[in-house]
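Keeping their order, the protein sequence lines are chains S and G. Letter 16 of the first sequence, counting from 1, is numbered 16 in my numbering, and no numbers are missing. Letter 628 of the second sequence, counting from 1, is numbered 628 in my numbering, and no numbers are missing.
Keep in mind that a hint or two might mislead.
[To be verified] Straight-line C-alpha distance at most 20 Å; calculated EDC-like pairs for lysine to aspartate or glutamate: (1) G:457 / G:553; (2) G:333 / G:169; (3) G:608 / S:112; (4) G:20 / S:71; (5) G:20 / S:84; (6) S:75 / G:15; (7) S:78 / G:15; (8) S:106 / G:15; (9) G:608 / S:126; (10) G:20 / S:20; (11) G:412 / G:670; (12) G:20 / S:25; (13) G:166 / G:365; (14) G:412 / G:672; (15) G:156 / G:169.
FYI, nobody ran anything at the bench for these hints, they're computed from the structure.
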Amino acid sequence: MTVNGNIVALEIEPHRTLLEVLRNDLGLAGVREGCSTGDCGACTVLVNGKPLVSCLVLAPDAEGASITTIEGLAKNGKLDPMQEAFIAKGAIQCGFCTPGMILAAKTEDVPEGNLCRCTGYKKIQEAIREERRTTRPQA
Amino acid sequence: MKSVGQRVPKLDAADKATGKSRYVQDLRLAGMLEAKILRSKVPHGRIVSIDVTEAWKVPGVRAILTAKDIPAKVWGYSKDQVALKGDRVRRIGDELAAVAATDIEAAIEACERIKVLIEPLPAVYEMEAALEPGAPVLHEARGSNLVQTHHYEHGKIEEAFSNAAKIVEGTFILPAQQHGCLGPAGAIAEWDANGRLTLHDPTQIPFLVQRDLAEALDISPADIRLVQPCIGGAFGARLDLYPHEAIVALLAKKTGTPVRIVFSRDEDFQTDPVRPRTVVRLRTAAAADGTLLGRDADILVDCGAYVSWGAMTPVVMVNTFGNFYQCPAARYKARTVCTNTQPTGAFRGFGNPELLFAMESQMDELAKALHIDPIDFRLKNANRSEETTPAGGRITSCGFKEVLEAVRTRLKRPAASALPHLRRGIGIAAVFHVGGGARIYRSDGCGATVKVDDFGKVVVIVGATDIGQGMETAMAQIAADEIGVPVSMVRVATQADTDIRLWDVGVHASRTTFIAGNAVRLAAKEAKKQIEDARAALKLPADASIDKVVRAEHFRQKGRLIVASVFYDPPTTMVDKANHGNVSAAYTWGCHGVEVEVDTETGQVVVKRIVAAHDIGKAINPMHAEGQVEGGVIQGLGYALFEECVLKDGKMQNGFFLDYRMPGLRDIPEIETVLVETNDPEGPFGAKGIGEAPIVPIGPAIANAIADATGVRMREFPMTPERVWRALRGNR
Chain S
1 MTVNGNIVAL EIEPHRTLLE VLRNDLGLAG VREGCSTGDC GACTVLVNGK PLVSCLVLAP
61 DAEGASITTI EGLAKNGKLD PMQEAFIAKG AIQCGFCTPG MILAAKTEDV PEGNLCRCTG
121 YKKIQEAIRE ERRTTRPQA
Chain G
1 MKSVGQRVPK LDAADKATGK SRYVQDLRLA GMLEAKILRS KVPHGRIVSI DVTEAWKVPG
61 VRAILTAKDI PAKVWGYSKD QVALKGDRVR RIGDELAAVA ATDIEAAIEA CERIKVLIEP
121 LPAVYEMEAA LEPGAPVLHE ARGSNLVQTH HYEHGKIEEA FSNAAKIVEG TFILPAQQHG
181 CLGPAGAIAE WDANGRLTLH DPTQIPFLVQ RDLAEALDIS PADIRLVQPC IGGAFGARLD
241 LYPHEAIVAL LAKKTGTPVR IVFSRDEDFQ TDPVRPRTVV RLRTAAAADG TLLGRDADIL
301 VDCGAYVSWG AMTPVVMVNT FGNFYQCPAA RYKARTVCTN TQPTGAFRGF GNPELLFAME
361 SQMDELAKAL HIDPIDFRLK NANRSEETTP AGGRITSCGF KEVLEAVRTR LKRPAASALP
421 HLRRGIGIAA VFHVGGGARI YRSDGCGATV KVDDFGKVVV IVGATDIGQG METAMAQIAA
481 DEIGVPVSMV RVATQADTDI RLWDVGVHAS RTTFIAGNAV RLAAKEAKKQ IEDARAALKL
541 PADASIDKVV RAEHFRQKGR LIVASVFYDP PTTMVDKANH GNVSAAYTWG CHGVEVEVDT
601 ETGQVVVKRI VAAHDIGKAI NPMHAEGQVE GGVIQGLGYA LFEECVLKDG KMQNGFFLDY
661 RMPGLRDIPE IETVLVETND PEGPFGAKGI GEAPIVPIGP AIANAIADAT GVRMREFPMT
721 PERVWRALRG NR
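Based on the provided sequences and hints, a complete structural model is requested.
Quick look at the structure:
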């Protein structure tokens, strides 16, 4: 599979989740483990551009896929506009949900599968609106 | 440019937005083992035997501990806790044995192979039943399940009620609430060859853990060093020492190598020091002109199986009970009780959401009965600045009138729905809370050091803890303005350990901006003075930059460091035995107004709009102050409408995010936040604490709005569709 633009070849046991492989084998700690039951969204990654909770994806099923984690979102040393908006709008408190929330918000206007316990979501909504405004002015 | 008052982004936001921040789940030490705790499945029973023979056969197992392998030390808030239980279990989830292994799968398998024989004892889960004569007693040393009774009284209570034009009374029932931190609990322990322990622990009380853990481990507190990784939410959940912290230290000692424990989500639900189940029986009396005459409360608070900070909530409730509103007579009794359930702890608001659900509901009932506008009724009885309350509270800055008026002008009655089963209404509720620390320990102090290096960088070393609220950024803003540098030139050494950081009693009671802020401000002021003294002594020009001044000191014999350390402890007292005293150097008020729509066919309550006005003294960082308000409001909305630990025979039935319903993005109404600045005379730059107050009034405001919409008074949280539907039908 391709992870954050790098080709990765791994031999993995069939029962292991994509979350475990990204976190433990590839050291991508920004993929947060909040529940392992698909309910909190903290481990959201982009699989072929689509946000999925990596704790519910068996790693072998990601064979050949292109995966983006929070570590791969910034391009050429420049933060993604969604990252910029979350920082500027105060949408981050403890930060545990933040990587998953940012990745989900890339494609979802209302990432309702992602829980946040700190912010009350208001500033997350503002950040998403800000990103849409700056990146898709006419959309 | 001044940075206090600016919307400066959090200093750690970029790390958090890029996944670079490191929580306890992310740390790896060389040789580190993983730990798992075997927990009781029996709610109450006598431990007959624990056989670990088979567990040792699992490859990778390095240590197995049971009660007989650890110091026989009793510790905790009320000295009734042990790390591993040897003779008795008192709740489902009690710690029986612990395994350290080379990987978590091996540790789990070993736990599964431990054979435990427990002889069940009768258990008790409800507070009233636990107080009955003949109820099973959890801790024989106390004689009964009653932990403590708290009393408070001022004025002539019987007279107040006999003179009243209107008396309202009711019983209000509040559930256990889970903190729901997105980052599960955990800790990593390592011992050096000199027998000194380093604990990597996302605790809220690093300096108190040193002391408490030393007691549990039977070692000197001087041999413990605490390092806090990034903390994935806390809200009060990390305010005590818990068994897992002692267990991981004992496993690391036994194996001689670092050991980590990280809770799974279901384990986090099962061990979370939940907000206590609370029953508030309250009567409130008023005269015909709307003057409050008296209030009388009888309260039960559930400690669960072991006493932790849940037992302290009556002390916070009584502070509100005795101080809030000008009320000439008040009588208060609260009892804390042990049951065979999850131990309860501190949770944002700390008793105030529980008490004010009752008090603010009855303020509305009285206003309605006396045909007075609910805001006018509150204004008539409002606290005022320069007032000393009967409880001994000294009111300095007071924005109560301003927050009430802010809600009045912004909350409009909606048009009626065209659909007859949808009823719309509005409601308000107010809050009184500490805003200048809270002297619940003999110390309410915090130390700070500010140093300036020869690159002109200002480093702040402070005892305070960041749990996401933005402590680091607020301290940087305060130091930046005192010294006269941009925030980008300030670093706060949050990663430093307890060897380096300075005493602080912890992050709780909305105290950090006020207490730590004052310590940092005073230290920065002193550092600035040192710079100016050096500039004068060395005859440097007035426009010589700070780094030049510092270098001039560093590059001469008999030079001086630019470094200042200050201890700040606010001018307050602990309460006396009768619960009188001025525990906080400043108090804060807030008011929430809400608009709701109630579906009378389904019982569904939808909150359409919230106005949240808070007296913050001065917003050091308005963006993060709003974040505290919005976060508190929505956590309180969850408490009022959705969240509840459902127990069956002592076992939590909904210990996953799927069925423990926390608010999500779809539940968020329009929220308008109003920050009222009253410039507190003692607060740093006039600031007061804002961490907790916003979680408090939202629930009673929703209940009052439901009453406005339907005429039905809800007295139990959460106000689920089923409860509302039944209440609408006369509770059938």
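(request) For the pair supplied as a hint, residue 20 of chain G and residue 71 of chain S, confirm whether the alpha-carbon distance does not exceed 20 Å. (result) holds (8 Å)
(request) Compare the distance between the alpha carbons of residue 75 of chain S and residue 15 of chain G with 20 Å, and conclude whether the hinted pair is satisfied. (result) holds (15 Å)
(request) Given the hint that residue 20 of chain G pairs with residue 25 of chain S, test it: the Cα-Cα distance must not exceed 20 Å. (result) The given pair, whose Cα atoms are some 17 Å apart, holds under the 20 Å limit.
(message) Given the hinted pair residue 78 of chain S and residue 15 of chain G, is their Cα-Cα distance within 20 Å?
(response) holds (13 Å)
(request) Given the hint that residue 412 of chain G pairs with residue 670 of chain G, test it: the Cα-Cα distance must not exceed 20 Å. (result) holds (13 Å)
(request) For the pair we were handed, residue 457 of chain G and residue 553 of chain G, check the Cα-Cα distance against 20 Å. (result) Distance ~15 Å between residue 457 of chain G and residue 553 of chain G Cα, so the pair holds.
(request) Mind checking the alpha carbons of residue 412 of chain G and residue 672 of chain G for me, to see if they're no more than 20 Å apart? (result) holds (13 Å)
(message) Against the 20 Å threshold, does the CA-CA distance of residue 608 of chain G and residue 126 of chain S hold or violate the hint?
(response) This hinted pair holds, its Cα atoms lying about 18 Å apart.
(request) Below or equal to 20 Å on CA atoms is what counts here, so check residue 20 of chain G against residue 20 of chain S. (result) holds (18 Å)
(message) What's the verdict on residue 608 of chain G and residue 112 of chain S, does the C-alpha distance respect the 20 Å limit or exceed it?
(response) Distance of about 18 Å is within 20 Å: holds.
(message) With the threshold set at 20 Å, check whether the alpha-carbon distance from residue 20 of chain G to residue 84 of chain S stays at or below it.
(response) Given that 20 Å is the threshold and the Cα spacing comes to 15 Å, the pair holds.
(request) Quickly compare the C-alpha distance for residue 333 of chain G and residue 169 of chain G to 20 Å and report which way the hint goes. (result) Answer holds: residue 333 of chain G to residue 169 of chain G is near 15 Å, not above 20 Å.
In summary, this structure violates none of the numbered hints.
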